[in-house]
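The lines below spell out each chain.
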Amino acid sequence: MTTPLVEDSTGGLKTGDTLLEVDNLIMRYKTKQGYVSAVEDVSFVLHKGEALGLVGESGCGKTSVALSLLRLQADNGEILGGEIRLGGKDLVPISEDEMRRHRWNDVSMVFQGAMNSWNPVYRVGDQIKEALDLHWPERLNRAETRQRIGDLFALVGLDSDAQDRYPHEFSGGMRQRAVIAMALSCNPQVIIADEPTTALDVIVQDQILKELKKIQADLNMSIIYISHDIAVIAEVTDRTGVMYAGKMVEFGDTGDIFSAPRHPYAWLLLSSTPSIVGPRRKLAPLEGEPPNLLDPPSGCRFNPRCPFATDQCRVEEPPLRDIGDDHQVACWNYEQVPVGITSGSVV
Amino acid sequence: MTEARVEVKDLEKRYPVQKSVFRSAKDFIHAVDGINFRIDPGESLGLVGESGCGKTTTGRMLVKLLEVTGGEVLLQDSGEVIDISHITDKDDLKRFRSDVQMIFQDPFESMNPRRTVYDTIAEPLTVQRIGTVPDREAKVAELLNLVGLTPAESFMFRFPHELSGGQRQRVAIARALIVDPTFVVADEPTSMLDVSIRISVMDLMLKLADRLNVSYLYITHDLAVARYMCDRIAVMYLGKIVELADTEDLLGHPMHPYTRALLSAVPVPDPSYQRPPVEIKGGISKSINPEPRCRFYDRCPIAREDICGVQDHPPLEEKAPNHWVACYLVDKQPA
Amino acid sequence: MALEQKPPDLEIGPPITGLEGSDDEPIIAITEPLWRIRLRLLWRSFKKNWGLFAENRIGLVGLFVIAIFAVMAIAHPILMATAWGGDNREIYDPVIGYDAVVKEFTVVEEVTDPLSEIELIDARFTNINAQVGDVIEQPQQPASPSSRHLLGTDPLGRDVLSQLMFSTRAAFFLGMVAALVTVFIATTVGSIAAFFRGFVDAFLMRVADLILLMPLIPILIVIGGFWTIELWQLGVIIGILNGFGGVAIVLRSQALAVSVKPFVDAARVAGGSRWHLIFRHVIPNVLPLSFLYMMFGVTEAISLEAILSFFGLLNVEMSWGLMISIAQAEGYLLRGLDVWWLLFPAGLAVTFLAAAFFLVGRAMDEVVNPRLRKR
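Residue numbers (the working numbering), protein chains in the order written: chain A, 1 to 347; chain B, 1 to 335; chain C, 1 to 375.
Next comes chain A alone, as it looks inside the complex (with noise of 0.2 Å):
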């Protein structure tokens, strides 16, 4: 066998180095009352051996990037823009066919949901194998599969002999391992796992997430996290992308943005948000609702929400600039943002 079962990824990068880069993607649903922009210039870097977090309500176009990235999106969703380039080359333009080698080989996905889309008529294995066939570069015996997909199971922790048995058999926990299993399949260079762990409860999330952390590690992997929920992103990533209305509003360092935000919006999800430790605080409310994609609002998207807001937000749209530490915001008036997020008073 000339591939290893189990490899480290690098395909010949170190760990820091650039792996995707992401420039002014703009993707659009085309729907009979006009254009949804879903995603609207939206750039970021992904590095090796990174995990980065793209956060932000449903709605703000987290799922449309990801999906974007694989060119997975929607019949009706158009890339109008922008370029996606993996180690250096540009996925939008190449064909259909070609773009079929790169996802599951260089970029593979864990949709949402998916640990409660397994086909229940087929043993759990199977299912993997089909990927192994289609994806796999070269054709696998039936040892050489079983043994690969028993060597995936390992990884995620499954036991090897889990392979055989039908998708009902295993508990949600081990069904979404078993998907992880599956996207890890073809030695992606990247994984990008949207809401990895909405349908969990916390314990099985704890274990879920602690393991794709030691597989990111172990194979020097990069994962681009996608949830709404914040405090999982906080946990897990890097580097974290806040989203808003299909904008990229604030991008940083994880540390940089929990403990600091700049961004109005990044402040005011962070400070709605409860948490069980640290002192019992009054949470502040996000008035308001997300704007209709179809015709935002002039200026800044977040504009009609924004307690900050200025003339200038409500005509002119703010650039992501670098405010230092590779910490960019979109915001005219960041520094008026109060720094840390216990604002409000202590109950």
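The hints are simulated quantities; they were obtained by calculation from the structure and are not laboratory data. One or more of the hints may lead you astray.
[Said to hold, decoys possible] Selected chain B positions facing chain C (Cβ under 8 Å, derived; list incomplete): (1) Glu-12; (2) Lys-90; (3) Lys-94; (4) Asp-106; (5) Met-111; (6) Arg-114; (7) Glu-123; (8) Gln-274; (9) Val-278.
For every residue, glycine included, the Cβ atom is placed at its ideal position computed from N, Cα and C.
Based on the hints, put chains B and C in the right spot on chain A.
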């Protein structure tokens, strides 16, 4: 001690596991297995636990959506006490329906898509034939104002699909409060909402509980939410309450090994915070005909075979002032 | 503990005061009566659904065809009162009218063209002295289309167009009766089975299975053999067999999906009785699907009527099936296209109207079932 608004005594729900149509069942799922708690007027009790622990079953029994198979639920109703699990009288049932209400988890599914906001909120009045139509209209308008859906007349005749998730949950709250209930069961009312909307809905519920002196049973899997909403928290595991204490006491000094595991598994939105290791073994087991020993025995990191493995599930005892724990190995602390 | 004394009548509690925002907000006065608001809401949702329906060309075609037939049905009594009325009534009445169009025929030994030739034996009924090669005047029935009879006359000398238009009413009447009975029974049975489950469900569904197993046409033929079925009876029978059979099973599964929704639980907690839950929550959410099956029911009823009338098992003055039946009884069914007006108008009417209701049903399916909707 004041009179409890709701008192639950040895509440039990068993589901038969039917093997055949012609044979009566021998096996039972012990979904809720003899639990006790009380809720005082204006108090909010959190019921937390993992999926399948029986918290939703408990809530549904308290609003009579499920039949109680054992124990009793006593409800204080203007000086009198009704056992809601054995209501036979029609008038009693009517009074119960205006005393106890429920807020459901899914704001998208808990409103009939073909009925307007007015129909939904006024439903308890309509079906119980309370008031005249103009009275009902005024009351609905008042509640819409109360839950922050203003101006009321612009919301009254909208359909559910014309509302956002947060607005729908406000409608659900209005529906629950229109009959001036004294006790509301809230089953994960904010778990389907986005973070930013969640807080305003929780604040609304807190504000209303305070003003209207409503007691809540707040069912949630999210301890952080329970901390925000509840005065006391009960932790459930496989149909049993394993620990019950004041919120800050429970979070600060968890005594039961399961509570400790649960708390240490909750992610914290602070990257610099190091969680303690989660000490728990294996996965959740089934509650079909449980063995006569501690329900947590198989997964407990500190279980002792000679104590926990041979005796029945430990009783819920007051190990510290107002801090109840069901564990043989937790020592009683001096007051 | 049961309460000894009767509880006081429940009233709406006093306004809740002391909340910010609610003090200075005046309690709104609804200026319009509720029914007017509901009517407006109904109109709005109708407009929205019409928009969805109209996107589908097939449905519009179906509706157009139905409209044409409706115009025909309405036009008939008007014509009978005006152009076809008075003295003309004897000619144009669809049932008792008679008009022998006199036409010249050549007497021959063997008929090759029945429209211009007549056999010697037949000719002697009119003129005892007729000889081969003579041209005699002979009243013709059926007569081919002329300006007097746009679609000709039938073998008994009655106007085909008048019959066709008159029968449209019967077709609509039968379709509506059958469809309404189907929907009423199927919705009620399906919803009750789904809501109560257990024994009720099992019993109703086994009955439905039994009815589903019964072959509809042979049964109707047998019933027709014992006594003459009136049109409305046929509608009711089709409605019962259809409604209690397949449609009830389909609607039950829909009702099952509805009755486990949280809004049904919410209504239960609000204090709603079983009947409130069924009629206010379950049935309204099943009805759109019911209407869909109502359309398919109309299609089936119209076709069945044609079949039964053809066999002469239906007590009806005039219908499309009966028109074909008469043509058949007089030996014109397999005569070929030379007597096309005896077969095509009625045959095509059955086909078109049945198909039109089916197409409308298909288009409604897309309105009712969002998964079929094109984005």
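Now for the hints, and whether the structure bears them out:
The restraint placing Glu-12 of chain B at the interface with chain C is violated, with a minimum CB-CB distance near 20 Å, outside the 8 Å limit. Violation of the interface hint for Lys-90 of chain B is found here, the shortest Cβ-Cβ separation to chain C being roughly 10 Å, above the 8 Å cut-off. Checking Lys-94 of chain B against chain C: minimum C-beta separation of about 7 Å stays under 8 Å; hint holds. Residue-level restraint check for Asp-106 of chain B holds (minimum Cβ-Cβ distance to chain C is 6 Å; threshold 8 Å).
Below 8 Å, beta-carbon pairs count as interface contacts, and Met-111 of chain B has one with chain C at about 6 Å; its hint therefore holds. At a threshold of 8 Å, the smallest CB-CB gap from Arg-114 of chain B to chain C is about 5 Å, leaving the interface hint in force. Interface restraint check: Glu-123 of chain B against chain C, minimum CB-CB distance 5 Å, threshold 8 Å, status holds. The interface hint given for Gln-274 of chain B is violated, since its Cβ lies 40 Å from the closest Cβ of chain C, which is over the 8 Å cut-off.
Below 8 Å, beta-carbon pairs count as interface contacts, and Val-278 of chain B has none with chain C, the closest being about 33 Å; its hint is therefore violated.
Checked against the numbered hints above, the structure violates hints 1, 2, 8, 9; every other hint is satisfied.
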